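Chemist: Residue numbers (this note's numbering), protein chains in the order written: chain A, 1 to 112; chain B, 113 to 226.
Just to be clear, a hint being listed does not mean it is correct.
Simulated pairs of lysine-lysine, DSS-like, Cα-Cα distance not exceeding 27 angstroms [as the list claims (entries may be wrong)]:
1) B:Lys156 with A:Lys69
2) B:Lys150 with A:Lys99
3) A:Lys52 with A:Lys99
4) A:Lys99 with B:Lys164
Since the hints were made in silico from the structure, they are not lab data.
Computed from a prediction, not measured in an experiment: that's the story for all the values here.
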Amino acid sequence: DAKTTQPPSMDCAEGRAANLPCNHSTISGNEYVYWYRQIHSQGPQYIIHGLKNNETNEMASLIITEDRKSSTLILPHATLRDTAVYYCIVLVAVGGNRKFTFGMGTQVRVKL
Amino acid sequence: DAMVIQNPRYQVTQFGKPVTLSCSQTLNHNVMYWYQQKSSQAPKLLFHYYDKDFNNEADTPDNFQSRRPNTSFCFLDIRSPGLGDAAMYLCATSRVDRANTEAFFGQGTRLTVV
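Pulled out of the complex, with its shape left as it was, chain B reads as follows:
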């Protein structure tokens, strides 16, 4: 059973048109992460939520925002997608209140910008 679910698997958006990617989890984990992975590159952490606390990576562009309305859901908003934002976007979850637990990843959403 899928534990970290990303919808949709494939998303096409127009240049400059806001787009939202969604992630849900059934694990009740307190941390949720968003990664961007461009072709032939490693996943790059954009930001993460520890409960309701938002933690942005220093080099994440302002064009990327996130919302976490409750424990189960987290959204990635791209305000004005550019061609360079085409990538696979990965969501992951983890617990940090229990020692040495792993992160669980979703299958990703592949974003195409036209």
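Chain A with its partners taken away, still in its complex shape:
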């Protein structure tokens, strides 16, 4: 599975959009980009995933560059409850050896 690189931390203002970058320059054609977040002392929570098209759900939007070497998770209107560590994970779609491997993630702090 491809490695990912994320900034260690970022702050954003409540009510503003939060844009979280992730680099995955070695991604293969059959690998998906997944985003999870982990609020302190809780299990990781799935946010969104995609292959090459932009995706949107009730939580966030995922923008994947055309060459698929990087992506951005967008939280459209950040709230204090969005304060968490956000993880970008790249892995293949199917297979018994499919593993969700976490990098260091980005600590996002939403402030008033």
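Given the coordinates of chain A, assemble chain B onto it according to the supplied hints.
Modeler: Frame of chain A, contents of chain B only:
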């Protein structure tokens, strides 16, 4: 409704005394994972089961074992816990027979070794 359930949420064990953490799922997923997460670190995969096939990570200590008696349950056994094994232990499930499905995580068991 909780889909991946870990019990207990908090576990205190004595140094060297075997301890078992449990995980159950209502999703009928064929893969179950165990992660260790130490303070201020990312979750680290220990091993996973694909159906009954056990897959150990290369750097997982022998002190950690796992059992999966059926699809719904999976156990993490720590044979002789040391102080360095104090951590949050996370269980997760996934399907791999269907493309691009996500993993579902439990709320974790926080293990304290005294």
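Chemist: Now tell me if each hint is right for this structure.
Modeler: For each hint, the structure was consulted:
A distance of roughly 24 angstroms separates the Cα atoms of Lys156 (chain B) and Lys69 (chain A); the hinted pair therefore holds under the 27 angstroms criterion. Distance check on the hinted pair: Lys150 (chain B) and Lys99 (chain A) sit about 19 angstroms apart at the alpha-carbon level, within 27 angstroms; holds. For the given pair, Lys52 (chain A) sits about 20 angstroms from Lys99 (chain A) by alpha-carbon distance, which is consistent with the 27 angstroms threshold. For the hint pairing Lys99 (chain A) with Lys164 (chain B), the CA-to-CA distance comes to about 16 angstroms; that is within 27 angstroms, so the pair holds.
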